[in-house]
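Go by the hints and put chain U onto chain E.
Each chain is listed here by its residues.
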Amino acid sequence: MAEKEGKEKWGMVIDLDICTGCQACVTACSMENNIPFVGEDEMAYGRGMQWMRIRRYWEGEYPEVAPAHEPMLCQQCGNAPCEPVCPVFASVHSEQEQINLQVYNRCIGTRYCANNCPFSARTFNWFDYELPAPMNSYLNPDVSVRRRGIMEKCTFCVQRIVKGRQNASASGREIADGEVVPACAQACPTDAIVFGNLSDPESRVSQIARSDRAFRELEELGTDSRVTYLKGGKNYGS
Amino acid sequence: MAVEAKPLYSSKATEHQETNAEELRKEHLMLDPMPRDEMNQMVMNAMHTTTKKYWVFLIGFGLAVVVLLFGAWGYMIANGMGVAGIRRPVFWGIFIVTFVFWIGISHAGTFVSAILRVFKAEFRRPFTRAAELMTTFGLAAGALYPLIHLGRVWVFYWMIPYPNARWLWPNFRSPLVWDFLAITTYLLSSTIYLFLPLMPDLAMARDRTTGWRHAIYKVLSLGWRGTEAEWLRLRKAIGIFAFAIIPVMFSVHTIVSWDFAVTMVVGWQSTIFGPYFIIGAILSGVSAVVTILYIIRSTMKNFDYFIRPEHFDGLGKLILIFSMAWAYFFFNEYILSWYGGEEALKQLLTLHATGPSAWVWYLMLICNVAIPWLFLWNKKIRRTPWIMFIITLLVNVGMFAERYTIIPLTLGHQRNPFDWGIYNPTIVEISIVLGTLCLFIFLYLLASRLIPLVPVWEVQEGQMSHTFRKVGKTEIPSVTELE
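As given, the protein sequences belong to chains E and U, one line each in that order. Counting from 1 along the first sequence, just add 2 to a position and that's the residue number in my numbering. Counting from 1 along the second sequence, just add 759 to a position and that's the residue number in my numbering.
Just chain E, same shape as in the assembly (with noise of 0.2 Å):
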């Protein structure tokens, strides 16, 4: 489905040179999100359902070596590989927001658009997990708890997008750049994940990835994803 130009054009630049991995994002997000917890042999097999991971590498050779990181989420490509190859309609793009969703009550679990993904951002549900008391009562009442056997993903935290919107309607105005802010970009401590409105070119994030530093994961494929990362500087400390 090709994509309409409209007031709303969300995207993401997340700077890799002053990202420390500290997981702040991943913790913000999963507690925003209602992600369950799958424990610790589920998680070391591969099942963890964190939407928002930070891959690790190593640069240089041993000894001089450096980690380096690089914050994973859903790229919200405006020309998703996930979305023509769901049967049931269960993976769609918004007109309004202009993201990829994820409709959990459509999803029947093929979970062929987990293996379409070329960047693995979408997790599975593979059990019905609980939470035991009394952390179920810090579950995100703007977010719904899915269950077993469908797929889900990083939605842009949409539901603060909604909020955001509906803020401004009600008092008659546009929304303002930074008015909408993720999760994961709230509780980053030094500033590396920025997220606004792309459509509009002074906001904060379209000049952030107008940068020379700029470039987005696997951009060959033509997908058009709507997270820029930035890399090259100088790291903080080296």
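These aren't lab readings, by the way, just hints derived from the structure by calculation. Where hints are given, some of them may not hold.
[Claimed, not checked] So the derived list for chain E, only partly shown, Cβ under 7 Å to chain U, looks like this: (1) Gly48; (2) Arg49; (3) Val87; (4) Gly111; (5) Arg113; (6) Pro120; (7) Trp128; (8) Tyr131; (9) Gly151; (10) Ile152; (11) Arg212; (12) Ala216.
Even glycine gets a Cβ: it sits at the ideal position worked out from N, Cα and C.
What follows is chain U alone, placed relative to chain E:
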């Protein structure tokens, strides 16, 4: 009506015509006619004979289906897909491998039956039914997997285009919907194709049975009487279906290959997958026909007469040719990927041959290429049923390994090294896979005693058109064609 007679089988010696004709009779079923009623009785006997061993096997496999297939599947539905070994990034495991495997097996029935019928290969006559049954039951086993592998199987019908309150149709851009439609089409058309030539034989069985069997055959034979008009229409219908089902068969496995070929996954995105999968399917399917023919021949009464070394010989040649064609496509895929020069793909191909699961890759090459090429040249080996049984079983092991290499082993190697993962099937997955094998065997065992496994009328028709004709002083076997 033109009647054309042409010589058959190169008869070598002209000096010893007597012995030559005798030998040919022993060799070829078509030249070894038997009174019609006697042959009918032979087939009926084979159908009625149930030894104690048969019941043990039937009940054993039936129980295995209940426990291994439905028990394990139920356990998985109750607990979640997590009881299977799949994990990120290997979201498809041995279920899809077995799915492709069964769809491949189901190809040969049609291939052997329809293509050999269209090309008028006379040696096909006694085993078309056995092959067509394999198609139907292979599909029955394979078509379960798109359901088994669903995370939420209880809403599987959302894949079916049906009118609903939300005005939602399935996504026709998704290869899984194409799959669904292709497999349904193939299942229906191959069942009709199985049923059409079965009708005269069911009528034959109807006339020779009493009781509940008679009642069933009476319904199923649709009042077949064997008048000239009925035969004319039946031949016409079979003729149409034999041609029409060939493109359907090609489309089904091409579409199965598109499940992989249209994606962005490294190692799946390939233009050659369509024909590559078809050749692989035919290779594994024809091999499975030989395996089944051996089992039928050695367990069922009177089948020594129908299934002879000549049939193993003919099918063995086909397997050798398809093994070569398969090797060609395999090589082709490698060379194209290699020249393409994509780094991730190069790594993947190296990983297949040298990685921790390289034994699967070597197993595939040994079973699919080395073994057929080394053994099937030899006529003696091709004519020895038990050796053919082992070889064809190994070919199917190799084809399973091929699908295993293509699906989980390829998915495990993503573009980004952080996402790599190793997959191992769990006991639940293996149990379900074995369960569908038991289902296939169970259905086949059941069918072997309910419907004539040999198309009697086709054999009789063939035998009537084959005669020895005297040309000068030589007796030459010839076949008459009625057009």
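Okay, the hints, checked on the actual structure:
| no. | hint | verdict |
| --- | --- | --- |
| 1 | Gly48 | holds, 4 Å |
| 2 | Arg49 | holds, 5 Å |
| 3 | Val87 | holds, 5 Å |
| 4 | Gly111 | holds, 2 Å |
| 5 | Arg113 | holds, 4 Å |
| 6 | Pro120 | holds, 5 Å |
| 7 | Trp128 | holds, 3 Å |
| 8 | Tyr131 | violated, 9 Å |
| 9 | Gly151 | holds, 3 Å |
| 10 | Ile152 | holds, 6 Å |
| 11 | Arg212 | violated, 25 Å |
| 12 | Ala216 | violated, 19 Å |
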